[in-house]
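Next come the chains, spelled out residue by residue.
2 protein chains.
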Amino acid sequence: MTTTQTTAPNQEALASYAQDVARKARAASRKLTHLTGNQKSAWLEELARTIDARQAELVAANEIDIEKAPEYGLNSAAIDRLRLTSARIQGIIDSLHQIVGLTDPVGEVIQSQLRPNGIRVSQVRVPLGVVFFIYESRPNVTIDAAALCVKSGNAVILRGGKEAFHSNMAFYKILADSLEKQGLPRDAVQLVETTDRAAVGHFLKMHELIDVTIPRGGRSLIERVTNEATMPVIKHFDGICHVYVDDSADLEMATNIIINSKTQRPGVCNAAETLLVHQRVAEQFLKQACAELLDRGVELRGCARTCDLIEDAKPATEEDYRTEYLDLILSVKVVDDIEEAIEHINEHGSHHTDAIVTSELKAAEAFQLAVDSAAVMVNASTRFNDGGEFGFGAEIGISTDKFHARGPCGLRELTSYKYLVQGSGQIRG
Amino acid sequence: MTTTQTTAPNQEALASYAQDVARKARAASRKLTHLTGNQKSAWLEELARTIDARQAELVAANEIDIEKAPEYGLNSAAIDRLRLTSARIQGIIDSLHQIVGLTDPVGEVIQSQLRPNGIRVSQVRVPLGVVFFIYESRPNVTIDAAALCVKSGNAVILRGGKEAFHSNMAFYKILADSLEKQGLPRDAVQLVETTDRAAVGHFLKMHELIDVTIPRGGRSLIERVTNEATMPVIKHFDGICHVYVDDSADLEMATNIIINSKTQRPGVCNAAETLLVHQRVAEQFLKQACAELLDRGVELRGCARTCDLIEDAKPATEEDYRTEYLDLILSVKVVDDIEEAIEHINEHGSHHTDAIVTSELKAAEAFQLAVDSAAVMVNASTRFNDGGEFGFGAEIGISTDKFHARGPCGLRELTSYKYLVQGSGQIRG
Numbered sequence: 458m459t460t461t462q463t464t465a466p467n468q469e470a471l472a473s474y475a476q477d478v479a480r481k482a483r484a485a486s487r488k489l490t491h492l493t494g495n496q497k498s499a500w501l502e503e504l505a506r507t508i509d510a511r512q513a514e515l516v517a518a519n520e521i522d523i524e525k526a527p528e529y530g531l532n533s534a535a536i537d538r539l540r541l542t543s544a545r546i547q548g549i550i551d552s553l554h555q556i557v558g559l560t561d562p563v564g565e566v567i568q569s570q571l572r573p574n575g576i577r578v579s580q581v582r583v584p585l586g587v588v589f590f591i592y593e594s595r596p597n598v599t600i601d602a603a604a605l606c607v608k609s610g611n612a613v614i615l616r617g618g619k620e621a622f623h624s625n626m627a628f629y630k631i632l633a634d635s636l637e638k639q640g641l642p643r644d645a646v647q648l649v650e651t652t653d654r655a656a657v658g659h660f661l662k663m664h665e666l667i668d669v670t671i672p673r674g675g676r677s678l679i680e681r682v683t684n685e686a687t688m689p690v691i692k693h694f695d696g697i698c699h700v701y702v703d704d705s706a707d708l709e710m711a712t713n714i715i716i717n718s719k720t721q722r723p724g725v726c727n728a729a730e731t732l733l734v735h736q737r738v739a740e741q742f743l744k745q746a747c748a749e750l751l752d753r754g755v756e757l758r759g760c761a762r763t764c765d766l767i768e769d770a771k772p773a774t775e776e777d778y779r780t781e782y783l784d785l786i787l788s789v790k791v792v793d794d795i796e797e798a799i800e801h802i803n804e805h806g807s808h809h810t811d812a813i814v815t816s817e818l819k820a821a822e823a824f825q826l827a828v829d830s831a832a833v834m835v836n837a838s839t840r841f842n843d844g845g846e847f848g849f850g851a852e853i854g855i856s857t858d859k860f861h862a863r864g865p866c867g868l869r870e871l872t873s874y875k876y877l878v879q880g881s882g883q884i885r886g
Numbered sequence: 458m459t460t461t462q463t464t465a466p467n468q469e470a471l472a473s474y475a476q477d478v479a480r481k482a483r484a485a486s487r488k489l490t491h492l493t494g495n496q497k498s499a500w501l502e503e504l505a506r507t508i509d510a511r512q513a514e515l516v517a518a519n520e521i522d523i524e525k526a527p528e529y530g531l532n533s534a535a536i537d538r539l540r541l542t543s544a545r546i547q548g549i550i551d552s553l554h555q556i557v558g559l560t561d562p563v564g565e566v567i568q569s570q571l572r573p574n575g576i577r578v579s580q581v582r583v584p585l586g587v588v589f590f591i592y593e594s595r596p597n598v599t600i601d602a603a604a605l606c607v608k609s610g611n612a613v614i615l616r617g618g619k620e621a622f623h624s625n626m627a628f629y630k631i632l633a634d635s636l637e638k639q640g641l642p643r644d645a646v647q648l649v650e651t652t653d654r655a656a657v658g659h660f661l662k663m664h665e666l667i668d669v670t671i672p673r674g675g676r677s678l679i680e681r682v683t684n685e686a687t688m689p690v691i692k693h694f695d696g697i698c699h700v701y702v703d704d705s706a707d708l709e710m711a712t713n714i715i716i717n718s719k720t721q722r723p724g725v726c727n728a729a730e731t732l733l734v735h736q737r738v739a740e741q742f743l744k745q746a747c748a749e750l751l752d753r754g755v756e757l758r759g760c761a762r763t764c765d766l767i768e769d770a771k772p773a774t775e776e777d778y779r780t781e782y783l784d785l786i787l788s789v790k791v792v793d794d795i796e797e798a799i800e801h802i803n804e805h806g807s808h809h810t811d812a813i814v815t816s817e818l819k820a821a822e823a824f825q826l827a828v829d830s831a832a833v834m835v836n837a838s839t840r841f842n843d844g845g846e847f848g849f850g851a852e853i854g855i856s857t858d859k860f861h862a863r864g865p866c867g868l869r870e871l872t873s874y875k876y877l878v879q880g881s882g883q884i885r886g
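Chains D and A supply the protein sequences, listed in that same order. Per the numbering used here, numbering of the first sequence is gapless, rising by one per residue and ending at 886. Per the numbering used here, numbering of the second sequence is gapless, rising by one per residue and ending at 886.
Wrong hints could be hidden among the right ones.
No distinction is drawn between identical chains; accordingly, a pair holds when it is met within one copy or between any pair of copies.
[Unchecked claim] Cut-off 27 Å, straight-line C-alpha distance, at most; resulting in silico cross-link-like pairs (DSS-like, lysine-lysine):
#  : residue 1 : residue 2
1  : 481       : 630
2  : 819       : 488
3  : 525       : 488
4  : 692       : 662
5  : 692       : 481
6  : 481       : 662
7  : 488       : 638
8  : 630       : 771
9  : 819       : 771
10 : 771       : 692
11 : 638       : 481
12 : 662       : 819
13 : 488       : 771
Hints listed in this document are in silico derivations from the structure and should not be mistaken for laboratory results.
Construct the complete structure from the given sequences, taking the supplied hints into account.
Put into structure tokens, the structure is as follows:
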């Protein structure tokens, strides 16, 4: 599992390397506090120009990763995701321009009060400080994460996957050059220059120097980080998302919503994995919707009542209802009432995104109140739980935590706040 | 160290007890989601009435704790803090009425957008869920914490100190009775009914059932909780607070502010521990301020330059500048300029509360921008970093974290949010 690109360094050298990187990040983060929004925008535009000008360099580095990909056991779909084409490079540039256009969250006055004794107490948004970002595969994430972190005033330590190591290094050179050219601290963005897995462990111990760790990848990565981290972690766990079709639902709308939630992009976290149907409409709805789902190549795994109604459905196990398929597979369950649906979701789901299709106000309200998830939709596809769709712009992940950040994590979720007090000599009596 | 009030149970029994308590708390938290603000207020008022009516019971239980206090090595000041007098019981009742008057944070719409496709995306405040609150000594905290948690829609598991066990149990009976009488879930507030320290460890493992742990007490408690907890922790670490007197300061104002910050209540976290003085005004200011501080019984520990100026100052060690005295002791350091002051604070402080005294706008702005603390004061005492003084009402602690909650933690800091999406059949294209 442990593959190193560089010569395998010993643990002491790794620990001292990690310390050095984190210390530089902390120093850079203090300097970032002083930047204006214009300075950060100028850097983002410089970065976009530099990526455009140095496409050949990026593509050449990417080719090394593509050649090595079979060694890492990547299948053809994964290799395709890894590949940098000129269209994809243009996508990265476009995304940078979009980030330039987003409101800088730093300095926002969240609230401000003039207290009776004349002191003014203002709660003002500030950067978190140093972000340790761990991610897998697609190299465009390197630029997205660097842009979001620096725009929100944070220094970032990037730890990409080994399969994109050469592409990431090429992006890193461009990042460093553009930071330097615009007079921003070069260490505002650092890439961990070893793929030794043990390096991550050293970073996770440094809560004095790193303010938050954001892992983005498979469940095992996130579990490892959660267990080892000594600083806060923004977790982006599974999306086991549900669509519940109430007995009051417009069944055609319900069919469109489950088809969209399941099949529009089955490999992402906000795709639906389980369909719940009220018993009263189960027969009519399932016959109609399942035919369309089967037509689209969706495999159905149902409860006993579902299997009685739908010949092509296989029996679902308890495990199915707790599985994020990320594939064209759907668990189906007929429920007695909305209460059973809510309980099923709270017990089996992952608190990510869940939807009800209903025409009854009371059902909509009860569902939104009781379902304990980051996003709870009424008559809309689960696929809308996304920073772009919510109007926040680019996101660094979708949090399934309740703490600090829940749902899409954009620029604002990369900030903290401090209280600034202005007095004229007040003391406490 | 491990003293049990009940017979020492074995680890298995303790683990199963903790599981049972946490499960009940989770079930209660789901019910609390459905309560209106009026229902919660009615309970708070019932609680206040019941405490008033059952004072004798409280005082009798408290007497058992007072008798046992010397066994636990409590000194007379600590025993005094433990004692429930009728004035203190009235204080608890007054505090409940104050909490009734605070705005209920649950249901607040933080932001809401109508997106171009017609879906409405609203970010709405919701309870965190289940809070595990660990605290020491003063029994009034039992009622304060229960009131704040339930008002913000959370179930709470209270773990008080062994020295207040009987007082806490008496409060707990009143809490349970008042919850039942007002039709609220009885398990909304539970007290851990053993003082076995190992019980805490079992709770800290249950991140599936407990959403946040809040330790309030000494550094060793908070460090233990931080190391063992598998869920987020709101930390309330040391307050190593500074007052920096700039060369532009009104020196009389500066004297008042350092005296108030140091001596108004030296045993609390927002009291000042270190005085920094610009070299240009060091002689004039220190001669004036130190005389007054010495008059008030403050012991001074200074750098070489301070000791040259102030005969009664003892030499400070590096350790002094990193110590929360919580006592009438003050470290003093003469600095070359504001940059040295800022660097000293960021390196030696605890990111709690720091103040500058200055008449220059530029100095005030630079200090507030660069000092990385929960509250940064200009020309005001450090003692103002407090939920009440900031206008948020009662607080469950003052966070020195940057994540989720920073500074005073009141009702709002005990909440999360969810995104509610209202559609009319929208799907993603």
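Structure-based check of each hint:
| no. | hint | verdict |
| --- | --- | --- |
| 1 | 481 - 630 | within (17 Å within a copy, 54 Å between copies) |
| 2 | 819 - 488 | between (52 Å within a copy, 17 Å between copies) |
| 3 | 525 - 488 | neither (38 Å within a copy, 54 Å between copies) |
| 4 | 692 - 662 | both (17 Å within a copy, 17 Å between copies) |
| 5 | 692 - 481 | both (25 Å within a copy, 26 Å between copies) |
| 6 | 481 - 662 | within (16 Å within a copy, 34 Å between copies) |
| 7 | 488 - 638 | within (16 Å within a copy, 57 Å between copies) |
| 8 | 630 - 771 | neither (52 Å within a copy, 53 Å between copies) |
| 9 | 819 - 771 | neither (34 Å within a copy, 71 Å between copies) |
| 10 | 771 - 692 | neither (33 Å within a copy, 49 Å between copies) |
| 11 | 638 - 481 | within (18 Å within a copy, 59 Å between copies) |
| 12 | 662 - 819 | neither (49 Å within a copy, 38 Å between copies) |
| 13 | 488 - 771 | neither (59 Å within a copy, 36 Å between copies) |
Against the hints set out earlier in the document, violations occur for numbers 3, 8, 9, 10, 12 and 13.
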